[in-house]
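All chains, please: the whole structure from these sequences, using the hints.
Those protein sequences? They're chains A and B, same order as listed.
Going by my numbering, the final residue of the first sequence carries number 457, and the count climbs one at a time with no gaps.
Going by my numbering, the final residue of the second sequence carries number 826, and the count climbs one at a time with no gaps.
Quick caveat, the hints were computed from the structure, so don't treat them as lab data.
Note that the Cβ used here is the ideal one computed from N, Cα and C, for glycine as well.
All clues stand as given, with none of them false.
Computed from the model, here is a short list of chain B residues facing chain A with C-beta under 10 Å:
(1) 329
(2) 331
(3) 332
(4) 333
(5) 714
(6) 715
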Amino acid sequence: MNLKRKGLVQLVLFTVTLITFIHCEDDDGDIAGPSEPNASFPYVLMTQTPGEQIGGYLTAFDSLPSGDIDPTIRFNTETVTSSQGMVTYSSSIYARDFEGNDGVLRYDIAEDGFISMQGFIDGGQRMKVHVVSETKGYYADLEQFNIQIFNPQTMERTGEVDMESARQGGQDVQQVLYMISRDGKLFAGFTAGPAAFSTFRDSAFLAVIDIETDELEAVRIKDGASFLGDFWIRTNPFVIDQNNDIYMTALGDPFGGENNGGLNGEGRLSKVLRIRSGETDFDATYEWDIANELGRPSIMRSLFIASNGSAYTCLLTEDLQTPELFSQPAYHFFELDLANQTGQQITGLPLTAGFGTATLLEIDNRVLFPIVNEDIEFNGYYFKDLGTQQTGVQFKLSAGGRPRSFVVLD
Amino acid sequence: MKIVNTISFKFSNRKISTFNRSKPYILSFAGNLFTIILHLMPSLLFSQSDVTIEGKITDEQAEPIIGATVRLSGQNIGTISNIEGYYRLVLKRPGVYKINVSSIGFETKTFFTNVKSGDFIREDIILIPSVSSLNEVIVRGKSEKLTLEAGSLSLEAIELGSLKVESSDVAAILNRTAGVNIRQSAGLGSPVRININGLQGKAITFFRDDTPTDYLGNGFNIALLPANSLERIDVYKGVLPISLGADALGGALNFVSKRNRENTIELSHEVASYQTHRSSANVHLKDEQNHFIELLSFFNYSENNYPVDVQIRDPETRNLRDITADRFHDTFLSAFGEIKWGVRNGKWAEEFSVSGGFSLIRDDIQHSLQMLQAFGRARQQEDGLFGSVKYMESSKDHRLNVSVFGALGRHTTMTRDTALQVFNWLGEVERKQGFTRGEVNNGNISLAEFTVTELAGRATVNYRLADDHQFIFNNVITRKRRKGNDPVGPRVTSDQLDPLTVPASLLTNISGLEWKSFWLNRNLLFRTGIKNYYFKNSGIDFGDVFISTFDPIKNSGNLFGANAAIKYIVNPFLLIKGSYEYATRIPEEDEIYGDGLFLQSNPELTPERSHNLNIGIRIDKTFSSHQLGYLELNAFARQQRNLIFVQSDAFSVRNVNGAEANAYGAELDLYYDITDRLTFNGNVTFQDIRLATASQFTQEYLVGERIPDIPYFFFNTGLRYRSKELWEDTFLTGFIYQNYVEEYFLFFRGSPTALPPVIPSRNIVRLGVTTTIKNWSITTESNNVFDAKVFENYREQRPGRTWHLKVNYQMNL
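Next up, the structure:
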C-alpha cells in the first residue's frame with residue numbers, strides 16, 4: 048500500500064465502523080503498542096453470519112480483495128459473537144462481544160495473518176469504544192452513565208469519568224451513545240429520557256471531557272435535535288473533515304416520539320450538527336435536516352468523508368416498516384457536500400439493505416460501498432473511483448453472510 | 014374335521030415357560046437376512062400327513078396375547094403365539110396330546126386333544142392373569158410390550174412395571190431407548206427436549222391414552238412424571254397410527270395410563286441430592302358394579318443448588334475469572350393431580366368416565382440461555398385446571414366400537430422479571446441496572462401473564478368388517494385461545510395498546526381413515542390410511558414493536574397426508590416390517606405467537622411436512638427355558654420440508670419457515686437373558702441429518718452439512734440382576750445403566766459463539782439397588798456415579814453425581 052502518510056491516516060480514520068477517530072498522541076513514546084505491528088494482512092473484513100442475530104466472521108487479507116470471496120474457508124477466519132463493527136488502533140482491532148457477557152474484545156493480527164484474541168473487558172449492552180492512545184481508551188455502554196477508562200495494552204479497566212454532573216433533572220435513564228476525540232477533548236453524545244426505549248427529550252446532549260484529566264468539562268445541549276449518536280457500534284455518526292470540523296448526526300427519537308408518526312415521522316428531530324475546529328460547542332449557524340430536505344423518508348445514521356472532501360451516506364427510498372426496514376434492499380447511497388448542505392444520489396450502485404450495512408471506506412482512490420441485496424443475490428462491496436467516477440464490483444461474498452465492516456490497519 | 018373349543022383355567026404358575034425350537038429355527042443373531050429367510054421358508058410349508066392345532070390366545074378382555082407358549086406336555090415340541098395371539102402347532106403323527114399354554118403374567122392352562130391324520134383343530138384359549146404383586150408387574154407388561162413392538166409400525170413400547178421403584182423419571186427411562194435421546198438443560202424442572210430419530214422439539218408430539226396432552230398443562234411433562242404413574246410409554250418412530258389422530262412429523266410419545274383391575278393404593282417418596290423431593294400417590298378403587306375411582310398425583314421440588322463452572326468479573330479491571338459456584342436461584346416446584354370417576358362394562362357403556370385435575374409450576378430462572386449471565390430474581394409460574402369426559406361402547410358382536418373423548422384445559426402462565434439489579438454467580442448484586450430493566454429479556458421488564466384455554470375433542474370409530482379387515486376413523490379437533498396482558502411490557506406505538514391483550518387463537522382439525530387387513534394366514538399385516546389436516550389461526554404480530562397500526566393476521570390451510578405399513582411374520586422368531594408416511598405438523602400456538610419471553614410471534618407460520626420411510630427386522634430367540642433374547646434392527650429415511658426454525662435478526666427472535674433437511678439413520682436393539690436372573694439390554698443409534706436446502710441464498714454453503722444441535726451417535730447398555738427369594742417375599746434387585754452420547758456440534762460450522770461450539774461427549778453411569786419386602790420397596794441409587802461433567806442444550810451444565818433414596822409402597826385392598 049503505497050500511500051502517503053497523510054492519506055494513510057485518513058484511510059484509517061474513515062474506515063473504522065465505529066466513530067473512532069484516531070487521535071495520534073506521541074505520549075508514552077517508550078511504551079510498546081498493543082501488539083506487534085502488522086503490515087502483511089492489513090485488510091480486515093467482518094461479516095454477519097446468515098441467520099445469526101449479530102454474530103459473524105472476521106478475516107484478514109494481505110491484499111485488497113477482489114472477485115468472489117468466501118470467508119468461511121479462509122485459513123485465518125475467526126468467528127465473532129458480535130459483527131457490530133470494529134474500532135482500530137495501530138495494528139489492533141477492538142470489537143464487541145455479545146453472547147452473554149457483553150464487553151470489549153481486542154484482536155491482534157500476526158504477521159502470518161492469524162487473528163488472536165488478546166483480552167476482554169466485561170461490560171454492558173451496546174458497548175462503544177474509542178481508543179485515544181496506546182495505553183488509554185474509553186468505553187461506554189447502556190448499563191452505566193459514567194464513561195469507563197481502560198488500558199488497551201493490558202485490556203483492563205483503569206477508572207471512569209464521573210458523569211454525574213451531566214445528569215438532566217427528571218430523566219431516569221441516561222446513556223452515552225457515541226464518542227469522538229479531537230485536540231485533547233473527548234466528545235460524547237448522550238441521551239436522557241424517562242425510560243429505556245421510551246420517548247427521549249427533544250434535545251441533543253453532548254459531554255465534553257478533558258482527556259488529560261478525565262474530567263467532565265461541559266455539557267452542550269442542542270434543542271430541536273435528538274439522540275446524538277447511534278445504538279450501534281458499526282455506524283459512523285461522527286466524522287472530522289479536512290477542516291478539522293466535526294460533523295455529528297443526531298439520529299432523532301428512534302421511536303418517532305409521541306404522535307410523531309413512528310419511525311419515519313416528521314417529529315423525529317434527526318439532524319446533522321457541526322462543531323467547528325477549535326470549538327467545543329455546536330455551531331449555532333449549522334443544522335441540516337438531511338432526510339427531509341432530500342425528500343427521503345429515512346433519517347441518516349452514518350457519514351463518511353473521502354480524501355477529496357466529499358461526504359457519503361445512504362438514505363431510504365420508500366417508507367418501510369420493520370422487518371422490511373432492515374431486510375429489504377431499499378437504500379441508495381448519496382454523495383454530500385456537508386458544508387453547503389447539498390447532496391445527490393450516486394448512480395451505478397445497486398440498492399442495499401438498511402441499517403445493517405457496513406460503513407464505507409476509501410482505498411487507492413476508491414470509495415468502497417457495502418451492498419446487501421438479496422434481489423440480485425449480492426453481498427459485498429462496490430467501488431466508485433474518485434478519479435474516473437466509474438462504479439463497479441470490488442468483491443463479492445460467495446458465502447459467510449453480509450458485510451458488516453471492512454477496515455485497513457495501520 | 015375342525016374342532017373349536019374355548020377352555021378357561023385358573024391356577025398359579027409364575028414361572029416363565031418356553032421351549033427350544035427345532036434346529037431349522039435356530040438363528041444366528043449375526044446371520045444374513047436373506048439366508049435367514051431362505052433357511053426358514055421350508056418351515057412354513059406343511060405336508061398333508063401333518064396334524065395341525067391352531068387357535069387364538071387372548072386375555073379376558075379378548076386382547077391377543079403374543080409370545081404365549083404352546084407346548085406338548087413333557088416334550089420339547091411347541092410354538093408361541095404371534096402378534097395377533099394366533100398360534101399354530103404342527104405335529105407329525107396323530108394321537109392324544111396334553112398341551113400346556115403359558116404366558117408371562119398369566120396362569121398356565123392345560124388341555125387334552127385327540128387328533129387324527131390330516132386333522133385341522135382349532136383351540137381358542139383365554140388365559141387368566143396371575144395374581145399380581147409388586148414384583149410381577151414387569152412380567153405382565155412384557156407381553157404387551159412384545160405385542161406392540163411386533164406391530165407394523167416403528168415403535169418401541171417401554172414397560173414401566175419394574176422400573177417404577179427406581180428413582181428414574183420418565184425422561185431418564187426414555188433416554189435408555191434405542192433412537193431416543195433426552196436432553197435436559199439443567200436440574201429438575203429445567204426444559205427437556207426429546208430427540209427421536211433426529212426429530213426433536215416440537216416435531217415430537219405427546220399423547221396420553223391416544224389424546225394430545227396439551228390440555229393437561231406443562232406439569233404433565235416427561236421430566237416430571239414419575240415412572241409409577243403410567244403403565245407404559247409407546248415411542249413411535251415414523252408412522253403414527255390413525256388412532257392417535259394428531260399431526261406429527263414422524264415421532265410421537267403415547268403415555269399409556271395404568272389399567273388397574275384391582276383395588277390398589279400406590280405411594281412413593283424420593284429424597285435426592287440438592288434438596289430434591291419427589292412424591293406420588295396413585296389410587297384405584299372399584300366396586301362390584303364396576304364403578305371405579307382413580308387418583309393420579311405427583312409432586313416435585315428441588316432447589317437445584319448444584320455446583321457449576323462459571324465466570325465472575327473483577328470489580329476493578331472488569332476481567333473475567335473462572336470459579337465454581339452453586340446455583341442460587343433455581344428452585345423448582347410442580348404439582349399435578351387428577352381424579353377420575355367412571356364405570357367399565359356397564360349396561361350402557363363399555364367405559365364412561367369423567368375426570369378433573371390441576372397442574373401448577375413455580376420456577377426460578379437461574380441464567381441466560383448459555384449460562385453466561387446469572388439471574389437472581391426472574392421467575393415463571395403456571396397454574397392450570399382441566400377436565401375430561403370419555404365414553405366408549407361396542408356393538409354386541411364387537412364389530413363396531415365407538416369412543417368419544419372431550420377435554421377442557423385452562424392454563425395461566427406468568428413471568429416476573431422486574432429486577433433492577435445485575436447478579437453475579439455468587440448471588441451478589443453486582444450493579445444496578447442502567448439502560449435495561451429486568452434480567453431475562455434484554456431491555457424489557459416483564460409482568461406478562463397470559464391464559465391459554467384449550468378445548469379438545471376426539472371421536473374414534475372402529476369397525477371390523479371381517480376377521481381380517483378393520484376400518485378405523487378418527488377425528489381430533491382442538492381449539493386454543495390465548496389472551497393476556499403485561500402492565501409493564503411493550504406497547505404498540507400508535508395507541509399504547511398492550512399487544513398481549515389481543516386474543517390469539519388456533520383451531521386444528523385432524524381426521525383420518527385407516528384400513529387394516531391381514532393376509533397369508535394372518536402372517537401379513539397391511540394397513541394404510543389417509544389424513545386430513547386443517548388449521549386456522551388468528552392473532553397479531555406483536556413481536557414488532559415498531560408497528561403503528563395492526564389488524565389481526567389470519568392464516569389457514571388444509572393439507573392431506575397418507576401412510577402405509579406392512580409387516581410380515583416369517584415365523585414366530587422372525588419379523589420384518591416397513592412403513593411410509595407423508596406427514597404434516599401444524600405449528601403450535603407458542604410457535605406462532607411466541608412465549609411472551611424469549612420468542613416473538615409469527616402468525617404467518619405454515620406447517621412442516623415430511624416423507625418418512627422406516628424398515629425393520631426383529632429376531633427373537635429362546636436359548637433355554639429361562640433365557641430369551643431378541644435383536645431388532647430399524648432404519649429410517651426422512652425428508653423434511655418447510656422446516657420451522659428460530660431465526661433472529663437485530664430486532665426479533667421468531668420462528669420462520671424455510672430450510673429442508675434429509676435424514677438417515679439406523680438403530681440396533683439387543684436384549685439377552687444371561688441367566689434366569691441376570692439380563693442385559695443395549696442399543697446403539699446412528700443418525701445422519703443434513704441440510705438439503707438453505708432458507709437463504711447466503712446459507713447455501715451449509716447445504717450438505719450435518720444439522721447441529723442433534724446428537725448423531727449414542728448407545729445405552731444395562732444390566733439387571735434379581736435375586737432369588739431371600740426370605741419370604743423379599744427380593745434384591747441390582748441395576749446398572751450406562752448412557753453414552755458422542756460429541757456433536759452445537760451450531761453450524763463457523764457460527765459465532767462465545768462458547769466452544771461443541772457439546773462434549775458424555776458417558777453417564779447410573780447404579781442402584783432395590784430391596785423389595787412384600788409390598789414395600791426401597792431403592793438407593795446414584796446417577797452419574799463417576800461425577801462426569803455433563804453439558805446439554807446451549808452448553809448448560811447438568812448436575813454431577815447425585816444420590817437418590819426412594820421408598821415405594823403398594824397396598825392391594
